[in-house]
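Knowing the structure of chain A, use the given hints to seat chain B on it.
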Amino acid sequence: MKFVTARERSRTLHIEITPMIDVVFLLIIFFMTTAQFARMTRAELALPVEPGEQEQAPEEAGLVINLTDAGEIIVADRTLNLAELEQLVRQEIQLHSDRPARQLKLLIRADKNAESARLNEIVRLLQGLDVGHARLATEVPR
Amino acid sequence: MIDVTFLLLLYFMVTTVLAKPEDRLSPTLQIQRDSSTSSASDFEPQIVEVMRIDGEPGYRLGATVLRSKSALTTALRGLPKAPGVFINVHGGVDVAYAVAAVQAARDAGFEQVTYVPAN
Chain A
397 MKFVTARERS RTLHIEITPM IDVVFLLIIF FMTTAQFARM TRAELALPVE
447 PGEQEQAPEE AGLVINLTDA GEIIVADRTL NLAELEQLVR QEIQLHSDRP
497 ARQLKLLIRA DKNAESARLN EIVRLLQGLD VGHARLATEV PR
Chain B
1344 MIDVTFLLLL YFMVTTVLAK PEDRLSPTLQ IQRDSSTSSA SDFEPQIVEV
1394 MRIDGEPGYR LGATVLRSKS ALTTALRGLP KAPGVFINVH GGVDVAYAVA
1444 AVQAARDAGF EQVTYVPAN
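Taken in sequence, the protein lines are chains A and B.
First residue of the first sequence? That's 397 in the numbering used here, and the numbers climb one at a time after it.
First residue of the second sequence? That's 1344 in the numbering used here, and the numbers climb one at a time after it.
Any given hint might turn out to be false.
What the hints assert, rightly or not - If you anchor each label on the Cβ, the simulated ranges turn out as follows: (1) A:I417 / B:A1414: 31 to 39 Å; (2) A:Q432 / B:G1435: 34 to 42 Å; (3) A:L409 / B:F1349: 15 to 23 Å; (4) A:S493 / B:E1399: 31 to 39 Å; (5) B:G1398 / A:S493: 42 to 50 Å; (6) A:T430 / B:R1395: 37 to 45 Å; (7) A:L491 / B:D1397: 43 to 51 Å; (8) B:G1435 / A:I417: 55 to 63 Å; (9) A:I425 / B:G1398: 52 to 60 Å; (10) B:S1411 / A:F421: 16 to 24 Å; (11) A:V445 / B:L1350: 30 to 38 Å; (12) A:A479 / B:E1399: 33 to 41 Å; (13) B:T1348 / A:L491: 38 to 46 Å; (14) A:M428 / B:I1390: 43 to 51 Å.
Claimed, not checked - Computed cross-link-like contacts, DSSO-like style, restricted to lysine-lysine with a CA-CA straight-line distance of at most 30 Å: (15) A:K508 / B:K1363; (16) B:K1363 / A:K501; (17) B:K1424 / A:K508; (18) B:K1412 / B:K1363.
Just so you know, the hints here were simulated from the structure itself, not pulled from any lab data.
For glycine and all other residues, C-beta sits at the position ideal for the given N, C-alpha and C.
Chain A extracted, bound-state conformation:
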């Protein structure tokens, strides 16, 4: 029988592998979920390169409307037409009925090569629903 002597025991560094693997897996799940959620709300777009308003305080994005260079409107990974977008914004207004439509939080992420006419259609739709503000996403230049 092989007995671990006191001298051998003192030289052996015993690392608890099992809880470390648990923590690592939890971290992986966290980063995977974060990446997946970000990909769902924010489509891959080439945003206009502008410094923006550089406000320090983080603000809730609210409804994120993506506009691709091909003129597609994408919200939460779904491609919508204008009628569907209008319905979605109306639902959003109803969901936040505690505040007026003018204060609805909206973020428009429009590709820099998208047609301004298409962005204008979205803005006119929002104006028709009495939405007073919309934020335009920009990519901060490095």
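Relative to the frame of chain A, chain B by itself:
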């Protein structure tokens, strides 16, 4: 398995950190007003037209044609800030020009910037 796990963790950490930083511009959207309420005493808004001029995208401020965002910013700096500025965006230009006009107005010191889609 531990090596693969660590590699996966590194991959997702790196791809999350490398996401391009974004910021926002917050123009107001013009709400349609009943024309019967307008009167001669209403102030004339300062308007920047974003449109194609002679086949090229550009900005028109009054009678002045400007081709770059920096020129637009310089021109806007000389205007009074209190009335605000309307960014009237026509079709036929890229979104980048419209957003640049809004940014130029902010850089010039305007707090009241309104995005107006042209008819």
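Here is how each hint holds up against the structure:
One distance hint, 31 to 39 Å for the beta-carbon pair I417 of chain A and A1414 of chain B, is violated here, with the actual separation near 59 Å. About 37 Å separates the C-beta atoms of Q432 of chain A and G1435 of chain B, a value consistent with the hinted range of 34 to 42 Å. Distance hint for L409 of chain A and F1349 of chain B: a CB-CB separation of about 19 Å, consistent with the stated range 15 to 23 Å. At roughly 46 Å, the beta carbons of S493 of chain A and E1399 of chain B sit outside the given window of 31 to 39 Å.
The supplied range of 42 to 50 Å is met by G1398 of chain B and S493 of chain A, whose beta-carbon atoms lie about 48 Å from each other. The beta-carbon spacing between T430 of chain A and R1395 of chain B, approximately 42 Å, falls within the hinted interval of 37 to 45 Å. Taking the beta carbon of each, L491 of chain A and D1397 of chain B are about 47 Å apart, inside 43 to 51 Å as hinted. The supplied range of 55 to 63 Å is met by G1435 of chain B and I417 of chain A, whose beta-carbon atoms lie about 58 Å from each other.
A beta carbon spacing of about 54 Å between I425 of chain A and G1398 of chain B agrees with the range 52 to 60 Å that was offered as a hint. Checked against the hint of 16 to 24 Å, the C-beta distance between S1411 of chain B and F421 of chain A comes to roughly 52 Å, which is inconsistent with it. In this structure the supplied range 30 to 38 Å holds for V445 of chain A paired with L1350 of chain B, their Cβ-Cβ distance being about 33 Å. Our hint of 33 to 41 Å for A479 of chain A and E1399 of chain B holds, since their Cβ atoms are close to 35 Å apart.
Between T1348 of chain B and L491 of chain A the beta carbon distance is about 40 Å. The supplied range of 38 to 46 Å therefore holds. One distance hint, 43 to 51 Å for the beta-carbon pair M428 of chain A and I1390 of chain B, holds here, with the actual separation near 48 Å. For the given pair, K508 of chain A sits about 15 Å from K1363 of chain B by alpha-carbon distance, which is consistent with the 30 Å threshold. A C-alpha spacing of about 22 Å is found between K1363 of chain B and K501 of chain A, which places the hinted pair at or below 30 Å, so the restraint holds.
A hinted pair counts as satisfied when its Cα atoms are at most 30 Å apart, and K1424 of chain B with K508 of chain A qualifies at roughly 27 Å. Pair hint K1412 of chain B plus K1363 of chain B holds up; C-alpha atoms about 23 Å apart against a cutoff of 30 Å.
Violated hints, listed in ascending order, are 1, 4 and 10; each of the other numbered hints is respected by the structure.
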